[in-house]
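Spelled out from the first residue to the last, the chains are:
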Amino acid sequence: MKVKVKLYGDYLRYGADENLLEVEENSSVNDLLNKLQISERHYIIVLVNMKRVWFEEKLKDNDTVSIFSPVGGG
Amino acid sequence: MLSEEEIERYKRQIRIDKIGAEGQDKIKNSSVLIVGAGGLGSPILLYLTGIGVGKIGIVDNDILSLSNLTRQILYRTEDIGKKKVLIAKERLQALNPNVIIEAFPECLDATLAKNIFPSYDSIIDATDNFETRYLINRVAVEKEKPLFIGAVGRFTGQVMSVMPHKTSCYNCVFPEKDEETVREMSKRNEDLGVIGTIVGTIGSIVANEFIKHILNIGSHYFNKLLIIDLLNNDISAISISRDPRCRVCGNPQ
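The listed protein sequences correspond, in order, to chains A and B. Be aware that the first sequence starts at 1, since it is given in the numbering used here, and climbs by one per residue. Be aware that the second sequence starts at 1, since it is given in the numbering used here, and climbs by one per residue.
Mixed in with the good hints, there may be bad ones.
Stated by the list, open to error - Restraint ranges, calculated between C-beta atoms of paired labels, are given here: (1) A:Glu40 to B:Gly20: 42 to 52 Å; (2) B:Asp234 to A:His42: 15 to 25 Å; (3) B:Ala94 to A:Lys58: 54 to 64 Å; (4) B:Asn233 to A:Ser39: 25 to 35 Å; (5) A:Lys58 to B:Glu78: 53 to 63 Å; (6) B:Pro252 to A:Gly15: 47 to 57 Å; (7) B:Ser3 to A:Arg13: 50 to 60 Å; (8) A:Asn26 to B:Lys187: 33 to 43 Å; (9) A:Glu56 to B:Lys18: 43 to 53 Å; (10) A:Glu18 to B:Gly81: 42 to 52 Å; (11) B:Ala21 to A:Thr64: 40 to 50 Å.
Everything labelled a hint here was simulated from the structure, so no lab data went into it. Backbone N, C-alpha and C fix where the C-beta goes; we use that ideal spot for every residue, glycine too.
Same shape as in the complex, but just chain B:
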C-alpha cells in the first residue's frame, strides 16, 4: 500500500495509465542492484530512486576524481577524494527517504557477486570495464537474474537486456576472449574517451528498461542490441539471438 506522502510524491507517474497506483506498488516492492556508480550509474541511480524503487544496492570501489565530473552527475567538486558509493547513498537518501539504499564500497568479484545478486530482483551493469561485464553476466545467468546492460565510449552507447536462459546473454553477442585481450579492450575503451551526454542517454534507457520489466509493460531490448551514435545521430536496434554454443548460457560442445 502507498502512503499519502507516496501518492503525492509519485502522482505524475501514477497518472500514466500503464502505471497507476497498482504499478507504483510494484515499483515500491521491487529491488535492483546497480554495479558501477559512475557515469551510467549516476542517472540510473537518480531516476530509479526518484521513481521509488523499493530497494537499491550500489557496488563501486572508486574514489571520486576531478575528471569524473564531466558526466557523473551525482557528484560535486567538493566530493573529490571521497568514496563514490558513500556520497551516492547520502544524496539518494536525501532525494527519496522511502528508498532503501544499500552501499557496497567494494570491487565486485565472483564471491561478492554470488553473495549479493540473490538479494535483488534484477541486476544493472553500469561498469566501466569488460572484465566486470563478463563476471556480472556469468553470475546473473547462473542466479537467473534479469540483467540490464549499458555501455558507452566516445559518442556511442549500447544497451541490451538479458533474461537468463531465455534470451541472448552478453557472452552470446560478445564472446569472452582471453584475459589479455579483455584487459586490452578495457584499456582501449578508456583511451577513447567519452562525452557526458551519451552517458545520460544510455543510463536513462537502461533505467527505463528495468522499470518496464518490473511493470511488465511495453517492449524491451531482449534479443536486441541497441546502438546509439550521437555523433551521427544514428539509432539502430539490431536483432540478436542466443548462441546455442555460448559458454555461459548454452551447451558448449
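One chain only, chain A, in its complex shape:
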C-alpha cells in the first residue's frame, strides 16, 4: 500500500518535503519511522490524516502522515 509522507523542519533531512512511499500492509507508524531511518522518539510528533497518533497506530492505504517536532524558544 502507499502512504503520503510530509516532513517538516528538522525532519527534512530524512527526505523530500512530500513523498509517496510504498509500505507493507499492516505497517505501523513505528515501522514507517524505521523505514525513513528516523530513530528519534522523544520529541517527534506524528499526525495521520491531520490527527495526532501514537507509534503503534496502524497505517492504511492512502493515509497522509505528517512528521515534525515542537520548537519551544522565545
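Position chain B relative to chain A; hints supplied.
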C-alpha cells in the same frame, strides 16, 4: 470613544475598511497578557502597544544580557543588567502613553497565573521553555482565556491559537511528557540557537492573530499549527484537531 489625538495617531489603520473607528475602539477596549518579554515578546509588545491595545500585561523575571541583543529588539546595549519588564514598560509607555502597561517582574508559576489571567481578555505565550508553555496552556484552558502561542528554534517557528474547549489546545498537539523530558526539551531547544529574523516573523504573526481575534475579522490559526522554516522558505499550516483524551481540555479515561 476615541480622542482627537487617537484618531490622528491611528489613522493609517483606521483607514483599513475592516477596522475603522469602531474597530479601533474595540482594540482600545481590549487587554492582553504577554508571558515572556524576550525575542518574541519584543515585536509583540512593540506592535500591540503601537496599535493601541488598551491594557497590556508583561510577565518576565529575566535580566537583560549581551547575547539577548541579536533579537530582543526592545532593548539596547546600555540596558544590560537591568530587569527586562521594567525597561520594556518604560519604552512602551514612551511609544504610546495611551496604553496601560502592567509589569510583573516575576517568574510565572501556577499561583501567579491563576491570579492574573482573569484580568485580561487573552493570553500570549512568548516564553522560552516548555515547562512554562504547559503551565500557560493549562491555566488559559481552565480560565477559558483565548491563547495565542509563538515558539522558535534555529530558523524555524510555530504558531497556534487556542479557543479553550472549542479548538485544539497546546497539549492536544504536544502532549506533556514527564518532568525530566520536558526539561530536556527546553535545554535542547536552547542549545539549537535561534536567528533574530524568525523571532520577528513569528512575533508579528502572533500579535496579528490577537488583533484579528479582538476585531473578529479574517481567519485564524485555530485548529491549525503554522510551521515556518525560513532556512528552506517552507511555510505550512497543518490542520489539527482536539484530542478527546487530552489531559488538559478533554476527558481522559
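To see whether the hints hold, each was checked on the structure:
Distance hint for glutamate 40 (chain A) and glycine 20 (chain B): a CB-CB separation of about 49 Å, consistent with the stated range 42 to 52 Å. The hinted range of 15 to 25 Å is satisfied by aspartate 234 (chain B) and histidine 42 (chain A), whose Cβ atoms lie roughly 23 Å apart. Judged by the Cβ atoms, the range 54 to 64 Å given for alanine 94 (chain B) and lysine 58 (chain A) holds: they are separated by roughly 59 Å. At roughly 28 Å, the beta-carbon separation of asparagine 233 (chain B) and serine 39 (chain A) lies within the given 25 to 35 Å, and the hint holds.
Under the hint 53 to 63 Å, the C-beta atoms of lysine 58 (chain A) and glutamate 78 (chain B), about 60 Å apart, fit the expected range. Restraint check, proline 252 (chain B) to glycine 15 (chain A): a C-beta distance of roughly 35 Å breaks the suggested window 47 to 57 Å. Taken as a hint, the range 50 to 60 Å holds for the pair serine 3 (chain B) and arginine 13 (chain A), whose Cβ atoms sit roughly 55 Å apart. Checked against the hint of 33 to 43 Å, the pair asparagine 26 (chain A) and lysine 187 (chain B) passes, with Cβ atoms roughly 38 Å apart.
At about 47 Å, the beta-carbon gap between glutamate 56 (chain A) and lysine 18 (chain B) stays in the expected band of 43 to 53 Å. Between glutamate 18 (chain A) and glycine 81 (chain B) the Cβ separation comes to about 48 Å, which falls inside the hinted range of 42 to 52 Å. A C-beta distance of roughly 45 Å is found between alanine 21 (chain B) and threonine 64 (chain A), which places it inside the suggested range of 40 to 50 Å.
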